[in-house]
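Given next are the chains, with one letter for each unit.
4 protein chains.
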Amino acid sequence: MYSFNSDYSEGACDAILQAMVDTNRKQSVGYGLDEECDKARALIREQLQSDTCDIHFLVGGTQCNQVVISSALRPYEAVIAAKSGHINVHETGAIEASGHKVLVADSEKGKVLPQGIRAVMNEHVDEHMVKPAMVYISNATEIGTVYTKAELKALRDVCDEYGLLLYMDGARLPMALVANDSDLELADLAKYFDVCYLGGTKCGALFGEAVVIFNDALKQNFRFSIKQQGAMLAKGRLLGLQFSVLFEENRYLDLADHAVKMAQKLQEGMEQEGISFFVKTTTNQIFPIFEQKLLEQMAQKFQFQLWEKLDDKRSAVRFVTSWACEEQAVDECLAWLKHYLRA
Amino acid sequence: MYSFNSDYSEGACDAILQAMVDTNRKQSVGYGLDEECDKARALIREQLQSDTCDIHFLVGGTQCNQVVISSALRPYEAVIAAKSGHINVHETGAIEASGHKVLVADSEKGKVLPQGIRAVMNEHVDEHMVKPAMVYISNATEIGTVYTKAELKALRDVCDEYGLLLYMDGARLPMALVANDSDLELADLAKYFDVCYLGGTKCGALFGEAVVIFNDALKQNFRFSIKQQGAMLAKGRLLGLQFSVLFEENRYLDLADHAVKMAQKLQEGMEQEGISFFVKTTTNQIFPIFEQKLLEQMAQKFQFQLWEKLDDKRSAVRFVTSWACEEQAVDECLAWLKHYLRA
Amino acid sequence: MYSFNSDYSEGACDAILQAMVDTNRKQSVGYGLDEECDKARALIREQLQSDTCDIHFLVGGTQCNQVVISSALRPYEAVIAAKSGHINVHETGAIEASGHKVLVADSEKGKVLPQGIRAVMNEHVDEHMVKPAMVYISNATEIGTVYTKAELKALRDVCDEYGLLLYMDGARLPMALVANDSDLELADLAKYFDVCYLGGTKCGALFGEAVVIFNDALKQNFRFSIKQQGAMLAKGRLLGLQFSVLFEENRYLDLADHAVKMAQKLQEGMEQEGISFFVKTTTNQIFPIFEQKLLEQMAQKFQFQLWEKLDDKRSAVRFVTSWACEEQAVDECLAWLKHYLRA
Amino acid sequence: MYSFNSDYSEGACDAILQAMVDTNRKQSVGYGLDEECDKARALIREQLQSDTCDIHFLVGGTQCNQVVISSALRPYEAVIAAKSGHINVHETGAIEASGHKVLVADSEKGKVLPQGIRAVMNEHVDEHMVKPAMVYISNATEIGTVYTKAELKALRDVCDEYGLLLYMDGARLPMALVANDSDLELADLAKYFDVCYLGGTKCGALFGEAVVIFNDALKQNFRFSIKQQGAMLAKGRLLGLQFSVLFEENRYLDLADHAVKMAQKLQEGMEQEGISFFVKTTTNQIFPIFEQKLLEQMAQKFQFQLWEKLDDKRSAVRFVTSWACEEQAVDECLAWLKHYLRA
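Chains as they are written, first to last, in numbering that gives the first Met the number 0: chain A, 0 to 342; chain B, 0 to 342; chain C, 0 to 342; chain D, 0 to 342.
None of these hints come from the bench; they were simulated from the model. Some hints here could point you the wrong way.
A pair holds if it fits inside one copy or across any two, identical chains being indistinguishable in the list.
Keeping only pairs whose Cα atoms sit at most 20 angstroms apart, straight-line, the calculated DMTMM-like set for lysine to aspartate or glutamate is [what the hints assert, rightly or not]:
(1) Lys218 / Asp125
(2) Lys82 / Asp53
(3) Lys190 / Asp21
(4) Lys130 / Asp180
(5) Lys82 / Asp105
(6) Lys82 / Glu122
(7) Lys25 / Asp187
(8) Lys260 / Glu184
(9) Lys264 / Glu326
(10) Lys82 / Glu126
(11) Lys300 / Asp253
(12) Lys25 / Glu326
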């Protein structure tokens with residue numbers, strides 16, 4: 000049964016797998032100090048148009064968030080996020096486990112609002128409360144929406160006003176970059192963020208994320224933090240190799256583009272059949288609202304995820320597509336739906 | 000200028016001070032293993048009508064919350080609290096610093112609602128999220144309200160249903176016990192709570208809180224937790240001595256009763272003058288709403304605390320009374336208000 | 000230049016790489032709940048002759064140590080290790096970062112001594128000191144030595160006497176199992192250990208370690224601990240797949256056997272040339288002592304690691320071999336040495 | 000039975016108790032922001048001859064160590080101490096609980112050696128190990144010895160060489176200052192230390208220690224750290240009041256002087272009777288070596304502490320005196336010993 004459950008259901012894109020096979024017996028030093036990692040760093044820096052950023056490769060997203068945030072904050076400092084922020088909900092308290100409170104700011108469609116940050120800052124005024132020190136955003140967000148450059152500029156401004164760091168969780172950044180309502184490019188990141196990570200796991204790699212540190216103050220001794228949190232891969236070369244492949248020949252964005260196209264084809268097709276949506280997105284996650292009977296029938300044909308029960312009769316569900324998504328599966332899904340609804 | 004700022008503005012009740020003077024040169028073993036602490040434990044157990052509870056004396060409330068909660072929870076477990084819960088707002092992230100997330104449940108007038116707990120439990124279903132393991136309540140709450148026995152029973156039931164521990168922060172417990180809308184007694188605590196603490200700092204002691212552990216599973220090695228968090232007082236005798244004095248001759252409740260009477264006299268007096276309230280309370284904190292000009296004028300005569308700006312013209316303020324509150328100050332405050340409003 | 004620097008210089012054994020290629024586009028659920036992981040668990044349980052152990056796949060060794068130890072201990076509990084124990088030296092304080100002290104017990108050739116454990120237990124008697132709760136050993140140790148079954152039995156007995164958990168870091172376990180002075184087998188592990196991990200990274204996998212929990216008390220909610228520490232791989236299938244391949248056709252021990260044979264050939268060859276050793280080993284790490292000039296000359300031909308400067312003229316160095324070690328490189332190394340020494 | 004068990008067996012010196020009685024009903028703001036605390040800060044700064052140091056009053060010594068060290072270090076940084084250092088042995092892993100490893104450096108008579116620090120620094124060279132960032136010393140040490148200015152200068156120099164912070168635990172600092180082999184004065188502290196604390200609990204106060212921060216880099220947001228660790232006393236005035244009394248009329252050193260005189264009288268008297276010592280000291284702790292029978296007989300007359308069993312027949316024991324020690328008890332102890340030994 001074809002699965003639209005997640006964007007990490009398959010292995011790696013062919014080019015990555017081939018590169019692994021080709022270099023398998025090559026000896027290299029460990030822990031990310033090898034030539035492949037250096038090559039990947041150079042390729043990424045070029046596309047970021049940033050000569051001075053530090054780049055570290057980690058295995059997974061929760062790991063990135065935990066290492067970056069705990070490395071940047073003093074013990075009594077807190078990080079601000081949307082209620083739906085991955086660090087606030089789906090990391091089993093990893094941030095709190097490293098000692099820091101996650102403060103929730105008002106958000107809209109999964110996006111942190113500048114006035115939400117202001118409100119948090121106005122409430123936290125003395126040493127009886129935690130000291131907010133960083134804003135965390137996901138882009139694309141956990142519900143598939145994207146930030147425009149104007150929105151990012153507004154966040155950057157409020158962060159500057161209050162002396163806050165701005166951090167982007169880019170697990171699905173490439174999908175945001177290719178979204179048709181996004182004007183953001185890789186070369187813009189240095190303008191807005193102190194630190195971010197570029198997701199690989201969900202965009203063609205077997206695993207791997209690239210932490211990019213723009214702010215000099217956050218660079219020092221970062222490798223100590225990586226190692227201390229068990230996040231330093233012995234055969235670090237594997238991470239560099241994958242990111243080298245992703246950042247050659249526009250592969251990173253091309254893979255994301257396919258993922259987004261598939262999801263959008265699904266979304267448009269469903270909409271044409273009269274399906275409404277929990278939230279309309281422009282990336283590789285879509286959130287149709289299904290009547291209970293439709294949900295049950297389709298679940299026998301395709302895998303997808305229950306997102307939220309809206310009432311006794313209707314639920315929002317989630318379909319996710321990836322670089323590996325087969326267009327034929329998308330077509331079959333829409334055909335099935337068409338047939339079901341017109342039956 | 001007389002201060003209604005807090006219930007920890009003065010020293011200790013006379014009986015405590017006298018006992019300190021009388022026993023000052025007496026030698027004793029340290030760290031809470033002395034005779035005075037044993038005597039205090041016996042007195043408290045008697046009034047709790049619990050032979051088997053463990054009792055530990057700590058210096059302050061944040062310390063109690065941090066030691067109790069971090070001692071009870073496994074690393075991935077979380078504690079549920081009201082948005083206004085002291086651990087959620089006013090302890091500089093002490094709970095998160097020990098690794099645990101504070102989850103906010105719906106509350107009403109500062110009191111956690113059973114359905115709020117249910118909602119949190121229904122949202123936390125797998126290992127990608129923290130595992131809620133304890134409910135934290137304050138009684139009296141941070142805004143001066145109290146729980147009835149029926150409300151506590153409802154919380155206990157929902158905790159039993161989900162396998163949650165129930166913990167009461169009793170920094171102002173005696174004020175709750177003497178409140179005219181409370182049917183709770185010391186002898187009831189063992190029925191509802193796994194663990195709680197009885198506040199001393201705000202009820203006649205120089206400092207000190209008594210942690211009471213009813214649930215056997217939470218008793219083991221608790222002194223290790225106390226010591227590890229820097230919360231084991233060298234001259235522990237001082238804590239036992241103070242609680243001995245407080246739990247003799249009904250002193251604990253009598254002191255609270257005076258505090259509550261003074262606040263209630265203020266509240267009634269203000270109400271008679273047409274003042275409205277942010278929340279009406281029955282304990283030793285009151286929250287009148289003042290017009291800006293009244294606020295400024297009164298602030299030149301009496302100290303009190305700005306609680307929340309409601310709009311451009313009106314603010315909720317907080318007056319707190321204690322065992323040491325001088326009735327003459329209350330009278331003068333009301334007289335001044337009367338004069339001001341009628342001028 | 001051929002490197003004897005580490006046993007993680009190359010990629011994966013051919014069978015693993017082939018399996019990855021073959022299954023690359025197969026969809027699977029994430030986070031280690033897939034069929035490949037289940038298959039690997041079954042294969043490992045069979046060879047451990049343990050039906051009831053829990054098995055979790057993690058990416059790296061420091062991660063395993065951190066998750067296992069922090070999951071097993073209460074906050075005030077400590078773990079006992081040899082001075083040279085990986086957790087004590089080479090994990091950037093990962094155990095302390097999760098709140099636990101590492102206590103050093105007397106050891107011999109990298110192996111914890113039962114009397115060393117006794118001494119630690121006799122020194123830790125009350126709540127002013129941490130409470131030792133677990134013994135950590137590495138097998139093979141960090142300096143290439145192995146524990147006999149009699150030695151493990153003696154450790155188990157002293158652990159039972161004091162109520163301590165016994166944990167084995169098996170990053171190089173297969174090399175210990177095939178060592179000619181080891182009588183330990185996979186089927187023995189359940190007798191000695193509460194929990195251990197079987198290393199994959201250093202024995203043919205791209206990455207991956209298998210945590211095996213024998214003690215029921217340590218099993219509960221372990222996946223929460225994995226996730227909280229950022230150690231839950233999205234495409235968990237990759238770990239199961241690799242361990243499936245390793246535990247088929249005796250591959251795990253065969254790969255280790257090659258690694259050990261290569262190191263032992265080096266050690267014997269060097270000994271025949273009159274080289275003495277910092278410690279004689281029976282596994283895949285050897286520690287010859289080189290005069291400064293020899294060290295410098297050989298370093299121009301082969302990569303190896305400086306272990307410890309012994310005096311102005313002599314240093315202990317480390318050569319490590321792996322499943323991927325080319326026998327030709329070993330032969331060339333010995334030939335070069337022979338020529339050098341006789342020149 | 001008279002106790003020489005500790006220097007925290009009694010309450011407070013008379014002047015402190017009187018000041019508490021005199022000011023008991025005075026209202027003040029909480030949390031150490033009151034006038035008494037400011038007065039105490041001014042008095043201490045004067046004697047330290049430091050206008051710019053920050054001073055914070057905490058309740059106990061473990062608390063000071065935990066707040067100071069965790070506030071000063073980054074997560075991957077470690078603190079160096081003597082094996083006998085209080086933080087290494089007798090704080091139930093409080094430092095590790097806040098995430099930091101305690102590294103043991105070679106010491107002599109409880110005093111950290113400069114070459115011990117060098118050795119630790121030479122061993123910690125990369126990100127696979129913790130990064131040493133601070134040296135912790137106790138003065139007087141845990142076994143009653145003191146540092147000379149030359150020794151402190153040597154430590155300061157090695158700290159400067161390696162970029163390490165130097166921190167002094169001064170739980171028994173006044174006893175060190177009055178020791179006849181000490182040339183250190185309060186006015187010297189700013190020269191040697193980045194931060195230290197001046198002990199009150201063991202020198203005439205009911206409780207309380209004064210943290211003094213000389214290094215500007217450690218000053219920022221220190222009150223957040225205090226609060227987060229549950230170490231901010233509500234009635235903070237009590238701490239300021241006690242330190243005001245101690246730092247008036249040379250009381251702090253006079254009280255220490257009495258304590259030291261009593262211990263030294265005991266030590267000299269015992270020596271005259273032919274008793275040998277585990278270590279000879281010049282402060283308020285002494286460590287005679289008793290034959291088993293003497294130990295048992297004297298234990299029926301006086302309380303003292305078993306320090307270390309030396310062999311089957313002899314043990315080192317500890318006698319501690321304080322500001323409150325009655326000279327008559329010292330005389331009786333010596334008289335009893337004389338009688339016993341000559342019987």
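Hint-by-hint comparison with the structure:
1. In this homomeric assembly, Lys218 and Asp125 come within 20 angstroms of each other (Cα to Cα) only across copies, at 16 angstroms, whereas the closest approach inside a single copy is 28 angstroms.
2. In this assembly of identical chains, the alpha carbons of Lys82 and Asp53 never lie at most 20 angstroms apart, being 30 angstroms within a copy and 34 angstroms across copies at closest.
3. In this homomeric assembly, Lys190 and Asp21 never come within 20 angstroms of each other (Cα to Cα): the closest approach is 37 angstroms inside a single copy and 43 angstroms across copies.
4. Taking the shortest Cα distances, Lys130 and Asp180 never come within 20 angstroms of each other, neither inside one copy (35 angstroms) nor across copies (37 angstroms).
5. Proximity of Lys82 to Asp105 under the C-alpha cut-off of 20 angstroms is found in both arrangements, the shortest distances being 8 angstroms within a copy and 15 angstroms between copies.
6. When the C-alpha separation of Lys82 and Glu122 is checked against a cutoff of 20 angstroms, the pair qualifies both within a copy, at 17 angstroms, and between copies, at 13 angstroms.
7. For a Cα distance limit of 20 angstroms, the shortest separation of Lys25 from Asp187 qualifies neither inside one copy, at 36 angstroms, nor across copies, at 36 angstroms.
8. With identical chains, the CA atoms of Lys260 and Glu184 are at most 20 angstroms apart within one copy only, with a shortest distance of 18 angstroms there and 53 angstroms across copies.
9. Proximity of Lys264 to Glu326 under the C-alpha cut-off of 20 angstroms is restricted to the intra-copy arrangement: shortest distance 9 angstroms within a copy versus 55 angstroms between copies.
10. For the homomeric pair Lys82 and Glu126, the shortest alpha-carbon distance between copies (18 angstroms) is at most 20 angstroms, but the shortest distance inside one copy (24 angstroms) is not.
11. Taking CA atoms no more than 20 angstroms apart as the test, Lys300 paired with Asp253 passes in neither setting, with 29 angstroms inside one copy and 44 angstroms between copies.
12. Proximity of Lys25 and Glu326 under a CA criterion of 20 angstroms is satisfied inter-copy only: 16 angstroms between copies versus 37 angstroms inside one chain copy.
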